[in-house]
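Protein chains in written order, with this note's numbering: chain A, 1 to 364; chain B, 1001 to 1298.
Keep in mind that the hints were calculated from the coordinates and are not lab data. Glycine included, each C-beta is placed from N, C-alpha and C at the ideal position. Worth double-checking, as some hints may not be accurate.
To be verified - Straight-line Cα separation of at most 27 Å, DSSO-like style, residue types lysine-lysine; simulated pairs:
1. B:K1107 x A:K25
2. B:K1089 x A:K29
3. B:K1089 x A:K351
4. B:K1091 x B:K1107
5. A:K25 x B:K1294
6. B:K1091 x A:K25
7. A:K29 x B:K1091
8. A:K343 x A:K357
9. B:K1107 x A:K29
10. B:K1107 x B:K1089
Stated by the list, open to error - Label pairs and their in silico Cβ distance ranges:
11. B:G1215 x A:I203: 46 to 56 Å
12. B:G1137 x A:L211: 41 to 51 Å
13. A:R263 x B:S1061: 34 to 44 Å
14. B:P1088 x A:L362: 23 to 33 Å
15. B:E1068 x A:I37: 51 to 61 Å
16. A:S9 x B:G1174: 18 to 28 Å
17. B:G1066 x A:W321: 55 to 65 Å
18. B:I1167 x A:S9: 38 to 48 Å
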Amino acid sequence: MNASPAAVSSAQGIWLVAERELSTKLRSKAYLISTGILLLIVLAGVIWAGVSSANPSSTPVAATAATASALEDLGGYDVTEVGDRDAAADLVESGEVDAAVVDDASSATGIVIIADEEAPQGLLMALSVTPEVELLSPDAAPGPLRYLLGIAFGLVFMMAAMMFGTPIATSVVEEKQTRVIEILLSSIPARVLLAGKVIGNTILAISQILLLVAVGTVGLIVTGQTEILAGLGGPVVWFAVFFLFGFILLAAMFAAAGSMVSRQEDVGATMTPVMYLTMIPYFLVIFFGDNPVVMTVLSYVPFSAPVGMPIRLFFNEAEWWEPLLSLVIMLVACVIVIALGAKIYENSLLKMGARVKFREALRG
Amino acid sequence: MTSGTLQLNGVTKSYGSRRVLDDISFPVRAGQLTGFVGGNGAGKTTTMRILLGLLVADGGSVTLGGSELTGDIRRQFGYMPEERGLYPKMKVLEQVVYFARLHGFSKADATAKATALLGELGLEERLNDNIETLSLGNQQRAQIAASLVHEPEVLILDEPFSGLDPIAVETVAGVLQERASRGVSVLFSSHQLDVVERLCDDLVIIAGGTIRAAGARDELRERYSAPRWELSGTGDVGWLRDEPGITVVDFEGGSAVFDADDPAIAQRVLRRALQDGDVSRFGPQHPTLAQIFKEVIQ
Chain A
1 MNASPAAVSS AQGIWLVAER ELSTKLRSKA YLISTGILLL IVLAGVIWAG
51 VSSANPSSTP VAATAATASA LEDLGGYDVT EVGDRDAAAD LVESGEVDAA
101 VVDDASSATG IVIIADEEAP QGLLMALSVT PEVELLSPDA APGPLRYLLG
151 IAFGLVFMMA AMMFGTPIAT SVVEEKQTRV IEILLSSIPA RVLLAGKVIG
201 NTILAISQIL LLVAVGTVGL IVTGQTEILA GLGGPVVWFA VFFLFGFILL
251 AAMFAAAGSM VSRQEDVGAT MTPVMYLTMI PYFLVIFFGD NPVVMTVLSY
301 VPFSAPVGMP IRLFFNEAEW WEPLLSLVIM LVACVIVIAL GAKIYENSLL
351 KMGARVKFRE ALRG
Chain B
1001 MTSGTLQLNG VTKSYGSRRV LDDISFPVRA GQLTGFVGGN GAGKTTTMRI
1051 LLGLLVADGG SVTLGGSELT GDIRRQFGYM PEERGLYPKM KVLEQVVYFA
1101 RLHGFSKADA TAKATALLGE LGLEERLNDN IETLSLGNQQ RAQIAASLVH
1151 EPEVLILDEP FSGLDPIAVE TVAGVLQERA SRGVSVLFSS HQLDVVERLC
1201 DDLVIIAGGT IRAAGARDEL RERYSAPRWE LSGTGDVGWL RDEPGITVVD
1251 FEGGSAVFDA DDPAIAQRVL RRALQDGDVS RFGPQHPTLA QIFKEVIQ
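The shape of chain A in the complex, shown without the other chains (with noise of 0.2 Å):
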């Protein structure tokens, strides 16, 4: 009789269970094409952002002798030279440039802009003498960048973990469904295959998230547009750091929650509570993103600190220790969440029918 050989380790087990959920993922039609088109976005923003900059729209105006160089100075605004007044009031007309800047003797300022209906706004601006401005508390009235990052941190995590952390809630059924959880119990104990599903997705998870950040640093070197690398820098390796343990956090709750009902048209109930989660920092982000208070709640709350961490730091509000602490909270927070959803994993995994109450669940 050929001997079997001794039952695998932990960490093997975990990562024969890790490996099948990657390559099953990979090789998943629809996984990869959604990969595909998400990159495309990413790649195609850099580049419309990289050409818009680049290119800067310059308004075309006309402009005497007198007049030009001192146009050209101000920048962005393309001159064209002609010889007197009627001849820039030809060309206004003719819809050729926005307006003219010619010199005149007679008026006040030494010269008078020329344009078809209205006033050219920014060409006024350009050539006004503004007042000082002094105020008082220049940081009170968020600047648009806060609402922007808050929206796209929020978005990456939000969107990462559904598109991530749904699947693992419906593997889990899948498992259940197709009876297949008691063969692969029989064979490795509960806690193994929760932590192979975790792992496999997180590592999924994140190396999309790195291939999108590469090829959004790609293509912002590639166009030029350095200046927001060098700003956004600190505040992503944060966010990254934070996502990776936001999501296993996540992700132990999700096959928790697909763990507690037997059919896949059933999951939706026990994976809404987990969705909200998922949902709520981005939401909160973005209504209370000009609220310090309320921010720096966010930014310990684990569920909530992978967005609102990183925005307090690139607006140099937190202190050096302040996302340090608010890892520890997430680390603790992950352990227990991670107990518990084992916990309701062991005791679901085998109850079929009805879904499996929470309490019941959580006592076994």
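Take the given structure of chain A and dock chain B to it, following the hints.
Just chain B now, kept in the frame of chain A:
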């Protein structure tokens, strides 16, 4: 590697206040096919899940070769659950290889073993097809392969023959017998009593969560055979009705089935029958498994 007799000792299990297993004890001997027979809801699947460690018993113990089962030993058992299921979108070979690797085989060994086993089960041409494209019978064969691929010393199969055509039943039976002849302990449940009767060396009959009968097939037949005899011959056997110590069960022309109080009385009947003419058949009648089953579960 641990092997030997798998023994259940006084295993009990309740779901809430409902007791589903009550003091279950029986052996599964190494190198033997043990048939596990019982009605729906009798407790077969629960017993098997406890053997596998998928459920925890409330009381009692399970030993293998005399020592208490540990999780690691249990995980080397081969198991085919009652509800069939494999990953629908995985290829047959890949799937069986995956289960072999979960049991600790290297990728190369797992592939070699899975290929050979799937061949033995007649699936050599479907190795690279997705499970979901196979017929139900072939899915069942793949399922059996998944439970056998790591060459377990203990094999526990819940209804391995259900849904198989007669040819497939023979193939699977052959594979199981071959494993048993190599010293594997095989426990399987089935509602196909004729198959169980033909294949199994040992029988366990469960009903209502208690073991009603357990032991070697032939021994059980002896034990449960009523003192029943059959007699066929050329002469008319109508006189049997008046014979003392005899109860006629069935009677038709020259043949009869009767219960005798004592083997000596049966011999006396034979002698008497020979006086009337030739006897073509005479002997004790062994009950079929179906008959024993009906008798013990009542």
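Outcome of the hint check:
1. Between the alpha carbons of K1107 of chain B and K25 of chain A the distance comes to roughly 20 Å, so the proposed pair stays at or under 27 Å and holds.
2. At most 27 Å may separate the alpha-carbon atoms for a hinted pair to count; K1089 of chain B and K29 of chain A meet this at roughly 12 Å.
3. About 23 Å separates the Cα atoms of K1089 of chain B and K351 of chain A, which keeps this hinted pair within 27 Å; it holds.
4. Only pairs whose Cα atoms come within 27 Å are accepted, and K1091 of chain B paired with K1107 of chain B is accepted, the gap being roughly 16 Å.
5. With a C-alpha separation of about 52 Å, the suggested pairing of K25 of chain A with K1294 of chain B is violated against the 27 Å cut-off.
6. Straight-line distance between C-alpha atoms of K1091 of chain B and K25 of chain A comes to about 14 Å, which keeps the hinted pair within the 27 Å bound.
7. Under the criterion of a C-alpha separation no larger than 27 Å, the hint pairing K29 of chain A with K1091 of chain B is consistent with the structure, at around 16 Å.
8. Using a Cα cut-off of 27 Å, the hinted pair K343 of chain A and K357 of chain A holds, with the two alpha carbons roughly 13 Å apart.
9. Between K1107 of chain B and K29 of chain A the CA atoms are separated by roughly 26 Å; this keeps the pair inside 27 Å, and the hint holds.
10. Taking the CA atoms of K1107 of chain B and K1089 of chain B, the gap is about 20 Å. The hint holds against a cut of 27 Å.
11. At roughly 54 Å, the beta carbons of G1215 of chain B and I203 of chain A sit within the given window of 46 to 56 Å.
12. A C-beta distance of roughly 44 Å is found between G1137 of chain B and L211 of chain A, which places it inside the suggested range of 41 to 51 Å.
13. At about 36 Å, the beta-carbon gap between R263 of chain A and S1061 of chain B stays in the expected band of 34 to 44 Å.
14. Between P1088 of chain B and L362 of chain A, the C-beta spacing of about 31 Å keeps the proposed range 23 to 33 Å intact.
15. The hinted range of 51 to 61 Å is satisfied by E1068 of chain B and I37 of chain A, whose Cβ atoms lie roughly 56 Å apart.
16. The supplied range of 18 to 28 Å is broken by S9 of chain A and G1174 of chain B, whose beta-carbon atoms lie about 35 Å from each other.
17. The hinted window of 55 to 65 Å between G1066 of chain B and W321 of chain A holds, with their beta carbons roughly 60 Å apart.
18. Here the CB-CB span from I1167 of chain B to S9 of chain A is close to 41 Å, well matched to the stated 38 to 48 Å.
Consistency with the previously given hints fails for numbers 5 and 16, ordered from lowest to highest.
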